[in-house]
Amino acid sequence: DTAVSQTPKYLVTQMGNDKSIKCEQNLGHDTMYWYKQDSKKFLKIMFSYNNKELIINETVPNRFSPKSPDKAHLNLHINSLELGDSAVYFCASSPLFGPQHFGDGTRLSIL
Amino acid sequence: AQSVTQPDIHITVSEGASLELRCNYSYGATPYLFWYVQSPGQGLQLLLKYFSGDTLVQGIKGFEAEFKRSQSSFNLRKPSVHWSDAAEYFCAVAYTSGTYKYIFGTGTRLKVLA
Chain A
-15 DTAVSQTPKY
-5 LVTQMGNDKS
5 IKCEQNLGHD
15 TMYWYKQDSK
25 KFLKIMFSYN
35 NKELIINETV
45 PNRFSPKSPD
55 KAHLNLHINS
65 LELGDSAVYF
75 CASSPLFGPQ
85 HFGDGTRLSI
95 L
Chain B
417 AQSVTQPDIH
427 ITVSEGASLE
437 LRCNYSYGAT
447 PYLFWYVQSP
457 GQGLQLLLKY
467 FSGDTLVQGI
477 KGFEAEFKRS
487 QSSFNLRKPS
497 VHWSDAAEYF
507 CAVAYTSGTY
517 KYIFGTGTRL
527 KVLA
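Line by line, the protein sequences give chains A and B.
All the letters of the first sequence, read from the start, carry residue numbers -15 to 95 under the working numbering.
All the letters of the second sequence, read from the start, carry residue numbers 417 to 530 under the working numbering.
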């Protein structure tokens, strides 16, 4: 039974489109995260929610908007996709300050 | 600003040799410390964590790490590396100083020679 699941696994789309990535966790954790990993494997945190409240909001373009309908879900919506958005996006969950459990990633390619 | 430094971008070792991956952090108090491993095409997996207590912590896959407060370090070690250990390794810290932070290092890519 998958602990942190992301959909879709692959996303290929054109510049200017709007897309969403969904994340769900069944671990009962209070905190969820979105990360962007670039081609050099650098992992950058984007957002974090604790009990549906935004607690980390790093400097990312406002084209990126997270939504947490409940503490088991954290979705990422991206407007007006750009070439530089191509990356692997990881969702994770944890107890606050605790070890994180990661999903397998969503590989986003912008044509 | 608080940071996590992994000074080695790449490390190559022979199978059976010992391994040490370095991690230094800058933060006034002791943060929560973690090591993660990422195999190609996968998400990150927790190897071990340090919150408090014994400064030598044991993790999965035969890894251990030692917290040294005086050096602000949390180095990862393994006495004998296996070919399957080839992967990317990330050190991470979590802390709060009014706001909650969780910071990853830039990673160390481990290559294992047969």
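Be careful, since some hints might not be right.
A few chain B residues that don't get close to chain A, going by computed Cβ distances all over 12 Å [unchecked claim]: (1) Gln458; (2) Arg493; (3) Thr522.
Taking lysine to aspartate or glutamate and the EDC-like style, the derived pairs with C-alpha atoms no more than 16 Å apart in a straight line are [what the hints assert, rightly or not]: (4) B:Lys527 - B:Glu431; (5) A:Lys51 - A:Asp88; (6) B:Lys527 - B:Asp424; (7) A:Lys55 - A:Glu42; (8) B:Lys517 - A:Glu37; (9) B:Lys484 - B:Glu431; (10) A:Lys55 - A:Asp2; (11) B:Lys477 - B:Glu431; (12) A:Lys24 - B:Glu431; (13) A:Lys51 - A:Asp22; (14) A:Lys25 - B:Glu504; (15) A:Lys24 - A:Asp54; (16) B:Lys477 - B:Glu436; (17) B:Lys517 - B:Asp501; (18) B:Lys517 - A:Asp69; (19) A:Lys25 - B:Glu436; (20) A:Lys24 - B:Glu436; (21) A:Lys36 - A:Glu66.
Honestly, the hints are just simulated from the structure, not real lab data.
Cβ atoms here follow ideal geometry from the backbone N, Cα and C, with glycine treated the same way.
Now the hints, each set against the structure:
no. : hint                : verdict
1   : Gln458              : 6 Å, violated
2   : Arg493              : 19 Å, holds
3   : Thr522              : 6 Å, violated
4   : B:Lys527 - B:Glu431 : 10 Å, holds
5   : A:Lys51 - A:Asp88   : 20 Å, violated
6   : B:Lys527 - B:Asp424 : 12 Å, holds
7   : A:Lys55 - A:Glu42   : 20 Å, violated
8   : B:Lys517 - A:Glu37  : 15 Å, holds
9   : B:Lys484 - B:Glu431 : 27 Å, violated
10  : A:Lys55 - A:Asp2    : 24 Å, violated
11  : B:Lys477 - B:Glu431 : 15 Å, holds
12  : A:Lys24 - B:Glu431  : 25 Å, violated
13  : A:Lys51 - A:Asp22   : 22 Å, violated
14  : A:Lys25 - B:Glu504  : 8 Å, holds
15  : A:Lys24 - A:Asp54   : 33 Å, violated
16  : B:Lys477 - B:Glu436 : 14 Å, holds
17  : B:Lys517 - B:Asp501 : 29 Å, violated
18  : B:Lys517 - A:Asp69  : 23 Å, violated
19  : A:Lys25 - B:Glu436  : 20 Å, violated
20  : A:Lys24 - B:Glu436  : 22 Å, violated
21  : A:Lys36 - A:Glu66   : 28 Å, violated
In summary, the numbered hints that this structure violates are 1, 3, 5, 7, 9, 10, 12, 13, 15, 17, 18, 19, 20 and 21.
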